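Undergrad: One letter stands for each residue in the lines below.
Number of protein chains: 2
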Amino acid sequence: MSYNVDRSSVFSFALETGISGDRVSSKRYLSNLRGMVADGAALEEMIKKEDMLVYEFYEMGVPEHPGDLAFGTSICYPGKVGGEYFMTKGHFHSILDTAEVYLCIAGRGLILLENLEGDSSYEVLTPGKMAYVPKRYAHRSVNIGKEPFVQFFTFRADAGHDYGTIETKGFRKLVVEQDGDFAVIDNPKWGGK
Amino acid sequence: MSYNVDRSSVFSFALETGISGDRVSSKRYLSNLRGMVADGAALEEMIKKEDMLVYEFYEMGVPEHPGDLAFGTSICYPGKVGGEYFMTKGHFHSILDTAEVYLCIAGRGLILLENLEGDSSYEVLTPGKMAYVPKRYAHRSVNIGKEPFVQFFTFRADAGHDYGTIETKGFRKLVVEQDGDFAVIDNPKWGGK
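Which chain is which? The protein sequence lines are A and B, in order. The opening residue of the first sequence carries number 1 in this note's numbering; numbering runs sequentially from there. The opening residue of the second sequence carries number 1 in this note's numbering; numbering runs sequentially from there.
Same shape as in the complex, but just chain A:
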């Protein structure tokens, strides 16, 4: 579904939940995280009980023009698989040299970042905090709180998504609960080990 970006338009999001009545969101369930979590057995146990919604986001279908902007909200729900917090798959941009902006509007979360050369970092977000994702960095949103982690995002409309690199190799870091708070630790399976 796309729309005419050559006319002005308005989209509505509920600031508390990130949900928009104007579009149908894309939804990712526990089963979509197969191969992406540290504890695959814990994931399968959870799926047997209920294939829960982990996150959803809006793809507005903005045409891939370098002068346009893709935008929407992303909502990552609270939860854990084993000790690992619920998270988005994460992606590089297909055009690597394009940045992204995330404004947190509800909840408490973290953006995990890494580039192809192995530089890794993260930023903690609460409402009103905005993360700048630099060009060339893969990024993943992680809910480290108890409420939905809601962000408004914008990136250049032609940036594209490369999910494959992360699906194959994973992120170098995991975000897990330790002693009641989050900890960012090395991913022992990074690189497909």
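FYI, nobody ran anything at the bench for these hints, they're computed from the structure. Possibly wrong hints are sitting among the right ones.
As the list claims (entries may be wrong) - Quick list of in silico lysine to any residue cross-link-like pairs, SDA-like style, CA-CA up to 20 Å:
id, chain 1, residue 1, chain 2, residue 2
1, A, K135, B, D158
2, B, K135, A, M60
3, A, K135, B, H91
4, B, K135, A, G61
5, B, K173, B, G82
6, B, K135, A, V10
7, B, K135, A, Y3
8, B, K135, A, K80
9, A, K80, A, K135
10, A, K135, B, G79
11, B, K169, B, H91
12, B, K173, A, R7
13, A, K135, B, N4
14, B, K135, A, D6
15, A, K135, B, K169
16, A, K135, B, G61
17, B, K135, A, R7
18, B, K135, A, H65
19, A, K135, B, D6
20, B, K135, A, P63
21, A, K135, B, R7
22, B, K135, A, E64
23, A, K135, B, Y3
24, B, K135, A, P66
25, A, K173, B, D158
26, A, K135, B, V10
27, A, K173, B, G61
28, A, K135, B, M60
29, A, K135, B, G82
30, B, K173, A, S9
31, A, K135, B, P63
32, B, K135, A, D158
Please read all numbers here as calculations on a predicted model, not as lab measurements.
Once you have looked at the hints, place chain B on chain A.
TA: Then chain B, alone, in the frame of chain A:
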């Protein structure tokens, strides 16, 4: 003031007010609107009493790279000059073929749009509503409410600002109060008349 967009970073904004403690905002007062309002005499009368703050916004100094994004908040305060609501100067982008995204996070306002060919439109924003400003359109924010009108904006970092065209010609439309609500009317002085 600029910063390193090649590292991740976080900026904080108060969602209720749009104010950031991380940067000093750019401020525009009544005296900065000379030549831009319909009722110049009313403006001078107001300035004599107090050169009030009309709006402020953040310029983060993101380097002008086509892969980067400029972002910040803009806060237009409530008020009127004659019957005309407080508003920003408005601008085209220097690179005309670049869009902009505005997410309203507080207040009630309007984005006034027009292109060089004379097509004109507007969008009313309340919290959670996001306006897509198409490529090639000048845009101005107008506060039609009683509280500060706060928006989070993003555009391509190399887009640039052309304020001169609007400073010289004005917008084709004015936003004024009529019978207790806003009305968008023709600007009799448009084009420097």
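Undergrad: Give a verdict on every hint.
TA: Hints and how they fare:
1. A:K135 to B:D158: Holds, at about 14 Å.
2. B:K135 to A:M60: Cα-Cα ~17 Å, so holds.
3. A:K135 to B:H91: violated, 27 Å
4. B:K135 to A:G61: holds, 16 Å
5. B:K173 to B:G82: holds, 15 Å
6. B:K135 to A:V10: holds, 15 Å
7. B:K135 to A:Y3: Holds - the C-alpha atoms of A:Y3 and B:K135 are around 14 Å apart, at most 20 Å.
8. B:K135 to A:K80: violated, 42 Å
9. A:K80 to A:K135: Answer violated: A:K80 to A:K135 is near 29 Å, above 20 Å.
10. A:K135 to B:G79: violated, 40 Å
11. B:K169 to B:H91: Distance ~11 Å between B:K169 and B:H91 Cα, so the pair holds.
12. B:K173 to A:R7: holds, 17 Å
13. A:K135 to B:N4: Status holds; Cα separation ~11 Å.
14. B:K135 to A:D6: holds, 7 Å
15. A:K135 to B:K169: violated, 38 Å
16. A:K135 to B:G61: Holds, at roughly 16 Å.
17. B:K135 to A:R7: Cα-Cα ~9 Å, so holds.
18. B:K135 to A:H65: Answer holds: B:K135 to A:H65 is near 10 Å, not above 20 Å.
19. A:K135 to B:D6: holds, 7 Å
20. B:K135 to A:P63: Holds. B:K135 to A:P63 sits at ~12 Å (cutoff 20 Å).
21. A:K135 to B:R7: holds, 9 Å
22. B:K135 to A:E64: Given that 20 Å is the threshold and the Cα spacing comes to 13 Å, the pair holds.
23. A:K135 to B:Y3: With a Cα-Cα distance of about 14 Å, the restraint between A:K135 and B:Y3 holds, given a limit of 20 Å.
24. B:K135 to A:P66: The given pair, whose Cα atoms are some 11 Å apart, holds under the 20 Å limit.
25. A:K173 to B:D158: violated, 33 Å
26. A:K135 to B:V10: holds, 15 Å
27. A:K173 to B:G61: violated, 31 Å
28. A:K135 to B:M60: holds, 17 Å
29. A:K135 to B:G82: Given pair A:K135, B:G82 is violated - Cα atoms ~47 Å apart, limit 20 Å.
30. B:K173 to A:S9: Holds, at about 18 Å.
31. A:K135 to B:P63: holds, 12 Å
32. B:K135 to A:D158: Holds. B:K135 to A:D158 sits at ~14 Å (cutoff 20 Å).
Consistency note: the structure conflicts with the earlier hints numbered 3, 8, 9, 10, 15, 25, 27 and 29.
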